[in-house]
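In order, the protein sequences belong to chains A and B.
Sequential numbering of the first sequence, starting at 1, is according to this note's numbering.
Sequential numbering of the second sequence, starting at 1001, is according to this note's numbering.
Hints should not be assumed to be uniformly reliable.
[As the list claims (entries may be wrong)] Computed cross-link-like contacts, EDC-like style, restricted to lysine to aspartate or glutamate with a CA-CA straight-line distance of at most 20 Å:
{"hint": "1", "chain 1": "B", "residue 1": "Lys1199", "chain 2": "A", "residue 2": "Asp21"}
{"hint": "2", "chain 1": "A", "residue 1": "Lys151", "chain 2": "B", "residue 2": "Glu1017"}
{"hint": "3", "chain 1": "A", "residue 1": "Lys151", "chain 2": "B", "residue 2": "Asp1176"}
{"hint": "4", "chain 1": "A", "residue 1": "Lys47", "chain 2": "A", "residue 2": "Asp2"}
{"hint": "5", "chain 1": "A", "residue 1": "Lys151", "chain 2": "B", "residue 2": "Glu1214"}
{"hint": "6", "chain 1": "A", "residue 1": "Lys199", "chain 2": "A", "residue 2": "Glu214"}
{"hint": "7", "chain 1": "A", "residue 1": "Lys151", "chain 2": "B", "residue 2": "Asp1150"}
{"hint": "8", "chain 1": "A", "residue 1": "Lys151", "chain 2": "B", "residue 2": "Glu1078"}
{"hint": "9", "chain 1": "B", "residue 1": "Lys1073", "chain 2": "A", "residue 2": "Asp176"}
{"hint": "10", "chain 1": "A", "residue 1": "Lys20", "chain 2": "B", "residue 2": "Asp1021"}
{"hint": "11", "chain 1": "A", "residue 1": "Lys199", "chain 2": "B", "residue 2": "Glu1165"}
{"hint": "12", "chain 1": "A", "residue 1": "Lys73", "chain 2": "B", "residue 2": "Asp1176"}
{"hint": "13", "chain 1": "A", "residue 1": "Lys199", "chain 2": "B", "residue 2": "Asp1176"}
{"hint": "14", "chain 1": "B", "residue 1": "Lys1199", "chain 2": "A", "residue 2": "Glu214"}
{"hint": "15", "chain 1": "A", "residue 1": "Lys5", "chain 2": "A", "residue 2": "Asp21"}
{"hint": "16", "chain 1": "B", "residue 1": "Lys1020", "chain 2": "A", "residue 2": "Asp150"}
{"hint": "17", "chain 1": "A", "residue 1": "Lys199", "chain 2": "B", "residue 2": "Asp1002"}
I should point out that these hints are in silico values taken from the structure, not numbers from a laboratory.
There are 2 protein chains.
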Amino acid sequence: MDTRKHVEVCFTPGEYEYFKDEYEIVVVIDVLRATSAICAAFDNGVKSIIPVATLEEAREYQKKGYLVGAERKGEIVEGFDFGNSPYSYMKEELKGKDVVLSTTNGTKALSIAKEAENVVVGSLLNLDVLCEWLAKQNKNILCLCSGWQDKFNLEDTICAGGISEYLINTGDFTSDEDSSIAAKYLYLSARDNPLGYLKSSSHRRRLKNLNLNEDLKYCLTPNSSNSIPILKDGKLVKL
Amino acid sequence: MDTRKHVEVCFTPGEYEYFKDEYEIVVVIDVLRATSAICAAFDNGVKSIIPVATLEEAREYQKKGYLVGAERKGEIVEGFDFGNSPYSYMKEELKGKDVVLSTTNGTKALSIAKEAENVVVGSLLNLDVLCEWLAKQNKNILCLCSGWQDKFNLEDTICAGGISEYLINTGDFTSDEDSSIAAKYLYLSARDNPLGYLKSSSHRRRLKNLNLNEDLKYCLTPNSSNSIPILKDGKLVKL
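Based on the provided sequences and hints, a complete structural model is requested.
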């Protein structure tokens, strides 16, 4: 009997319904930029991040005095303190604070996955440290890509493929779904030069139009972070 | 101004709602095995194929005396004449006939796309002849993969990537979506040996369990067919 655990990849939040309930750990991925920003925030000593799906919820927290980040379609929403640029989360004033975050894709995926037994945050920034931890858990793992406005995106898929590749190479994991196999292939062709590989990606081009080249370079450079954000009682905290 | 037309890839019928209405031609793809069987049927001189989404509709046609193929989860549905094996459609008795077909994924995708201006059927079997025709139409094209039970599958994606690659190489087409870019990458790694590439594919393994290796070899060998099936008034006919 095959006792290996599964590591599978779900390309979009919309497809999560076909996967859920079979995995004890869900890794939520939004490389550009929500989950990268979340890793950067914990590296900077933020105490917790409260992900909220809607701007209404975000405004409620703002009224209560929280620092609140809100991004839609790549830009900071008017009236909020910052968006989802990782650099916004490196500021001194955020250290030790509870921060609220609402983004186009990433916090939507976090919200969809919240009933799972364990929800952690993945990005290229914390790829190795996250994979080392996942490898020790002996649990079935689903990588949930946030996508872009309900559609597939390449950077989240590559990150998910990297997690799958690492775990399968331990010998303790296997993948069955075609989406997982495709993600692994795409990761293997991208890994030596993620930035070059993604140059043709639609999302990357979109961000470039917003003059966010520094964010792109930061988010697509693997392993600068040692944080594994995990969801506890509706809040992300550092594991 | 960029006057090139778009060729994009939609991975599953469930995501079609995010793409529809922007494309004058939808290419429905279900490599294993519905759209391959449809090409084989027209090669054999079948007059028309009436795709129906439900078994209830299929039974209604059967009562009226039609030859009816029906497949669910890779097997012939009890009480029907055949399933979706291409070999079933090569029989002498089908020549000149109107045939009804209902399958797990392919006819569902056809049904979802039916309101599009033009709906054609793609498979690896008619890849070149279809691409040559598409290249001449000067229209925006969406490749709609049928997937497997609402999830992504590798063989349809590779076929869609092959169509995109061909059309982009003409210089008259471009792709914007990350799904299209990924499909093209996957096609380029698979094209020299589709059967070998797909050996790890979940769907292929599923079919292998059903002892359908001959079907697999047939469906994954490009360019044996010169048929372009097109939807006219609810029926597929040869263009």
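* Ascending list of hint numbers which this structure does not respect -> Structure breaks hints 1, 4, 5, 8, 10, 14.
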